[in-house]
Amino acid sequence: MSRPTPLRDVHESLGATLTDFAGWLMPLRYGSESAEHRAVREAAGLFDLSHMGEIFVTGPQAAQALDYALVGHLSAVTPGRARYTMIVNEQGGVLDDLIVYRLADEEFMVVANASNAEKVAGELESRCKAFDAVVDDRSPQYALIAVQGPRAQEILATLTDADLAGLKYYAGLPGQVDGRQALIARTGYTGEDGFELFVADQDAAPLWHALMAAGEPYGLRPAGLSSRDTLRLEAGMPLYGNELSAELTPFDAGLGRVVKFDKPGDFVGRSALEAVKDDPPRRRLVGLVARGRRVPRHGYPVTKDGAVVGEVTSGAPSQTLGKPIALAYVDTGAVSGLAVDIRGSHEPMDLVELPFYRRNK
Amino acid sequence: MSNIPDDLSYTKEHEWVSGVEDGLTVTVGITAYAADALGDVVFVQLPEVGSIAEPGDSVGEVESTKSVSEIYTPVGGEIVEVNQAIVDDPSLANSDPYGEGWMFRVRMEGDPEDLLSAEEYAALTSGES
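Protein chains in written order, with numbering that gives the first Met the number 0: chain A, 0 to 360; chain B, 0 to 128.
So here's chain A without its partners, still in its complex pose:
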């Protein structure tokens, strides 16, 4: 039985197609997912992301505890700023990718993927035991609503006095939105400018309605997980379970930059990651653009001259490019003459640099 978010009734009244995702009942789409995708690229979209996990780490040694528990250098983060980072196991395998907000000197909020939230909370609990820090999984109390797209700032500005223009990418500040307390963060997973609003569960529905009313003149539309997936794919952003897993290190995923060996002290996974950091990777994560119209999908083999040289991790028709696209792990030597085996037929693909889409700033 899937858990509903506090916005379930709102989604149902909008006629959403609901789907089970990581144990949550989530909106897949409200109408046409292509229209939702375009709205985010051209105007703005409103997303319910209340399934994400919010795990608080507080106390005098909260920063040191996170330096030990995660691969990033969290004690170096200024209060009010955020970092993209990862939690790995002793072997260096990725347990989840995370955004960590430093809310105050001694207070951090770790945002985990829904599918991993309980696991991450448990790992943080055990890894922080030796420190003067408290781990508190507040996921059940928090809802998360995202406004993403080029009009996001204008829309949100009609509901808050917070200094949005001064809020940098990967920063967050507490403020009032439509009279409700929120953590306003300039983060997202769509490749567009936008904001994520962490609010108390009971404030989610009134805030959603306020944002919809404020955003309507700007072209804001509710957007579901289907468009969220195609948006992040165009932006070349990894999805845990597709591009990231416990079988891969951050280096395997081409994200070795998140591992901070020069931070003070030991951290979980350090020795395993130091041992592999200079190894030439066998495969690398690349972008593929299909020449034809059939869509490469998760798990399909990548081939060259009939031999398997890789595997698709995510694929979808791209609205913005007008062609099917995919992320795939491909042997480092294989750069041309590639194809994807789409149910028995080898469809030609061009290898491209990521991301597929980059917004104009």
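It is possible that some hints are incorrect.
Derived pair list, reagent style EDC-like, types lysine to aspartate or glutamate, alpha-carbon separation capped at 16 Å [stated by the list, open to error]: (1) A:K262 with A:E273; (2) B:K11 with B:E69; (3) A:K322 with B:D87; (4) A:K322 with B:D88; (5) A:K118 with A:D136; (6) A:K303 with A:E273.
Quick caveat, the hints were computed from the structure, so don't treat them as lab data.
Starting from the structure of chain A, add chain B where the hints point.
Okay, now just chain B, sitting in the frame of chain A:
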């Protein structure tokens, strides 16, 4: 509740069939329920005109943003016409599944698969949703 016209026959694979009662040329498409479940259809592959199919054969595929499904023919015979308009504009499967969104026509030979009435198909889909 999806739109299910009374004057068509249906399959458990969520296709509609018209013209079966005449026993000559039948037209096949996917139902509104199927189109809704797929989401935005982005690619349709149809059989070759002139090819011969048996009832239940997979003769094409429909891809949406999230998934891909096979198209089956519920009747056997020669494929005599395919809808080039839906190949060019796959969104017709969503916007007009029973009209402009038709997929192919078969000159029927022999008996069709077991087909459902509109009422039976409505019962099937209400059980699934």
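A quick look at each hint next to the structure:
no.	hint	result
1	A:K262 with A:E273	holds, 13 Å
2	B:K11 with B:E69	holds, 13 Å
3	A:K322 with B:D87	holds, 14 Å
4	A:K322 with B:D88	holds, 14 Å
5	A:K118 with A:D136	holds, 11 Å
6	A:K303 with A:E273	violated, 33 Å
Hint 6 from the earlier list is the only one contradicted by this structure; the remaining hints agree with it.
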